[in-house]
Amino acid sequence: MVHRFKEQVVKRGDIKLFGSIVKEFEKRWESRNGTMACVVTPAQSQVKKKVKEELRSQGYTVKEEVQEQLIGGVAVFLGNDYLIDNSMRGRLRQLQSRLLK
Amino acid sequence: MPNDHIFDILQKELAGKSATATKEEVGKVVSVGDAIVQIEGLPHAVFSEMVEIVKWPEANSKPVPALLLNLEEYTAGAVVLGDDTTIQEGDIVRRTKKVLSVPVGEALLGRVVNPLGHPLDGKGSIQNKETLPIERPAPGVLDRQGVSTSLATGIKVIDATIPIGRGQRELIIGDRQIGKTALVEDTILNQLNEPEESRPICVYVAIGQKASKVAQMVEELERRGAMDYTIVVAASASDPASLWYIAPYAGCSMAEYFRDKGKDVLIIYDDLSKHAWAWRQIALLLRRPPGREAYPGDVFYLHSRLLERASRLSEEKGGGSLTALPIIETQLGDVSSYIPTNVISITDGQIYLETDLFGKGQRPAVNIGQSVSRVGSAAQNKAVKKVASQLKLDLAQYEELAAFVQFSQDLDATTRKRIDRGARLTELLKQGQFEVLPMEEQVCILFAANEGALDAVPLEKVRDFEKRFLEHMRTQGKDVLKDIQESKDLKDETQEKLKNILHGFK
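Chains G and D supply the protein sequences, listed in that same order.
Everything in the first sequence is counted per numbering that gives the first Met the number 0, starting at 0 for the first residue and increasing by one.
Everything in the second sequence is counted per numbering that gives the first Met the number 0, starting at 0 for the first residue and increasing by one.
Calculated directly from the structure, the hints in this document are not laboratory data.
Any given hint might turn out to be false.
Taking lysine-lysine and the PhoX-like style, the derived pairs with C-alpha atoms no more than 25 Å apart in a straight line are [claimed, not checked]:
| hint | chain 1 | residue 1 | chain 2 | residue 2 |
| --- | --- | --- | --- | --- |
| 1 | D | Lys61 | D | Lys97 |
| 2 | G | Lys62 | D | Lys22 |
| 3 | D | Lys122 | D | Lys212 |
| 4 | G | Lys47 | D | Lys22 |
| 5 | D | Lys22 | G | Lys49 |
| 6 | D | Lys54 | G | Lys62 |
| 7 | D | Lys22 | G | Lys48 |
| 8 | G | Lys26 | D | Lys22 |
| 9 | G | Lys22 | D | Lys27 |
| 10 | G | Lys51 | D | Lys22 |
| 11 | D | Lys490 | D | Lys381 |
| 12 | D | Lys260 | D | Lys316 |
| 13 | D | Lys359 | D | Lys416 |
| 14 | D | Lys54 | G | Lys26 |
| 15 | D | Lys27 | G | Lys26 |
| 16 | D | Lys27 | G | Lys47 |
| 17 | D | Lys496 | D | Lys391 |
| 18 | D | Lys54 | G | Lys47 |
| 19 | G | Lys22 | G | Lys62 |
| 20 | D | Lys27 | G | Lys51 |
| 21 | D | Lys490 | D | Lys384 |
| 22 | D | Lys260 | G | Lys62 |
| 23 | D | Lys391 | D | Lys487 |
| 24 | D | Lys212 | D | Lys128 |
| 25 | D | Lys384 | D | Lys260 |
Quick caveat: nothing in here was measured; it's all calculated off a predicted structure.
Kindly generate the complete structure, drawing on both the sequences and the hints.
Here's what the structure looks like:
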């Protein structure tokens, strides 16, 4: 199948882009399988390193992102499916929804 | 300091509670357009679940609700129930773990709400904790009983010839600008004539109507005191198609709450052709295959499952009823196109309004020959039944002879008499908007017509005669009116009394 795909790409004259196709495919594959983890923290964070190590040891491919709006703490996306939120912003939202009830 | 006070309350409220890390299922928006979003993720979402689309982690973004309608292996398709212009690729989708529900209960009476149950009338929020899902199964065979009581519309031609029963589904069909909405508006207003304990609660669902028209109607209902028992669910012309689509189901759930409490409810869907358009739009955007007239394959089921929820419940289930009056707008009187035929076959009869009659000044422009009520006289009380049978016969004979009206000179006396009677009856069945008549008054005037009291009245004076006669009845024949109203029958002695009054009145 891979061979036929390559033939198709050559036919279309897009062989130069093959490297980025593979990269994009890997990215999609990982997020679909849920093995891609995205760690979001504010710029200064002590826990970032520890969280990343822990995730790696569990077999995740780790990506990181900086979001100043979190204020503090850390939030982790597992694939496209789950969000583990332990950020200051997330806690404030919990507080807000509890008070509005 | 007021702040200290607030701190105190906060401390008390939040004592012993802590905010911890949360794990939740989310999805990501991969594409958005035409009020449809494609979402990746949401591994355990269920069909018809409400989801919220938010900008993460922004604090002040308002969540946009959406409804999941397509579930595939990795992606899900949802329709946005709100403003889709703020949604971007990469936004986070949160589950609510609830199928789409609307608030229900007494607090909604007298209110104008959108299909999600949010108030539109500026009378403050709706204090109600109870909700019901918008899609609910219809009552089964054993939970129902036959239709046996009438739902008075206050319109002579309908109550006498095409009676509607409580728990029935009666379609109102006709071209634009022909008085379909006026007819149902009168029906809502007429419920004022019902005694309060058996007065049906009315739910008016406006689908794709002009907001100005809805506002006008609400104002009229309010002025006449009919909003006290009415809920208006409005998805106006500028609302997204997704709201048009859910409006009748939402209205139906609000009505079912009262039905399940043993009350009588009347629900009006104005109109279902626009509802079908909305569903066609959504289905095509979700890339479902189009069928006849580009409607999706489930457009019949779309309406049948909605109208099947109209029912008369058995006594064990509380004996409540839900009467549905769907409205269909035809193009140039074409009742044989797709959606009209569908809905005709689902309902228990139709009231057919005709442009020709409307043009001739026959208002309401009901074509009696083409209209039927499959529940029929089971839904009429004895008094109306007694006067209506003669009326129907006379009208049918008149229809047959109407073609000969032109050469009326050459006809024999009996035929002439029939034509004259028929013409006067037709004239009598004309009724202006907001001129609803309670059952007992209808019985009296139709009785008078059957007795031949109109035969001597010139054609153009018939309506004037009716007005004067009813005025006379209200003053001189109070006991007769009261007797008919209470016994719901026209006994022989009442007939005698009525005849006497009739002779005395000229």
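Verification of the hints:
Between Lys61 (chain D) and Lys97 (chain D), the direct Cα distance comes to roughly 19 Å. Compliance with the 25 Å bound is thereby established for this hinted pair. A C-alpha spacing of about 19 Å is found between Lys62 (chain G) and Lys22 (chain D), which places the hinted pair at or below 25 Å, so the restraint holds. For the given pair, Lys122 (chain D) sits about 19 Å from Lys212 (chain D) by alpha-carbon distance, which is consistent with the 25 Å threshold. This hinted pair checks out: Lys47 (chain G) and Lys22 (chain D) have alpha carbons roughly 18 Å apart, not beyond 25 Å.
Between Lys22 (chain D) and Lys49 (chain G), the direct Cα distance comes to roughly 19 Å. Compliance with the 25 Å bound is thereby established for this hinted pair. Distance restraint check for Lys54 (chain D) and Lys62 (chain G): the Cα-Cα separation of roughly 20 Å lies within the 25 Å cut-off, and the hinted pair is therefore satisfied. Distance check on the hinted pair: Lys22 (chain D) and Lys48 (chain G) sit about 20 Å apart at the alpha-carbon level, within 25 Å; holds. A hinted pair counts as satisfied when its Cα atoms are at most 25 Å apart, and Lys26 (chain G) with Lys22 (chain D) qualifies at roughly 23 Å.
A C-alpha spacing of about 20 Å is found between Lys22 (chain G) and Lys27 (chain D), which places the hinted pair at or below 25 Å, so the restraint holds. For the hint pairing Lys51 (chain G) with Lys22 (chain D), the CA-to-CA distance comes to about 17 Å; that is within 25 Å, so the pair holds. Only pairs whose Cα atoms come within 25 Å are accepted, and Lys490 (chain D) paired with Lys381 (chain D) is accepted, the gap being roughly 9 Å. Between the alpha carbons of Lys260 (chain D) and Lys316 (chain D) the distance comes to roughly 9 Å, so the proposed pair stays at or under 25 Å and holds.
Note on Lys359 (chain D) and Lys416 (chain D): the hinted pairing holds, with a Cα-Cα distance of about 23 Å set against a maximum of 25 Å. For a cut-off of 25 Å, the pair hint linking Lys54 (chain D) to Lys26 (chain G) stands: about 23 Å separates their Cα positions. Straight-line distance between C-alpha atoms of Lys27 (chain D) and Lys26 (chain G) comes to about 15 Å, which keeps the hinted pair within the 25 Å bound. At roughly 23 Å between alpha-carbon atoms, Lys27 (chain D) and Lys47 (chain G) fall within 25 Å of each other, so this suggested pair holds.
At most 25 Å may separate the alpha-carbon atoms for a hinted pair to count; Lys496 (chain D) and Lys391 (chain D) meet this at roughly 24 Å. Distance hint between Lys54 (chain D) and Lys47 (chain G) is fulfilled; the C-alpha atoms sit about 23 Å from each other, no more than 25 Å. Between Lys22 (chain G) and Lys62 (chain G) the alpha-carbon distance is near 14 Å, which keeps this suggested pair within the 25 Å criterion. With a C-alpha separation of about 22 Å, the suggested pair Lys27 (chain D) and Lys51 (chain G) falls inside the 25 Å cut-off, and the hint holds.
Between the alpha carbons of Lys490 (chain D) and Lys384 (chain D) the distance comes to roughly 12 Å, so the proposed pair stays at or under 25 Å and holds. Simply put, Lys260 (chain D) and Lys62 (chain G) have alpha-carbon atoms about 56 Å apart, too far for the 25 Å limit, and the pair is violated. At roughly 20 Å between alpha-carbon atoms, Lys391 (chain D) and Lys487 (chain D) fall within 25 Å of each other, so this suggested pair holds. For the hint linking Lys212 (chain D) to Lys128 (chain D), the alpha-carbon distance of about 31 Å lies beyond 25 Å, and the restraint is violated.
At most 25 Å may separate the alpha-carbon atoms for a hinted pair to count; Lys384 (chain D) and Lys260 (chain D) exceed this at roughly 30 Å.
Consistency note: the structure conflicts with the earlier hints numbered 22, 24, 25.
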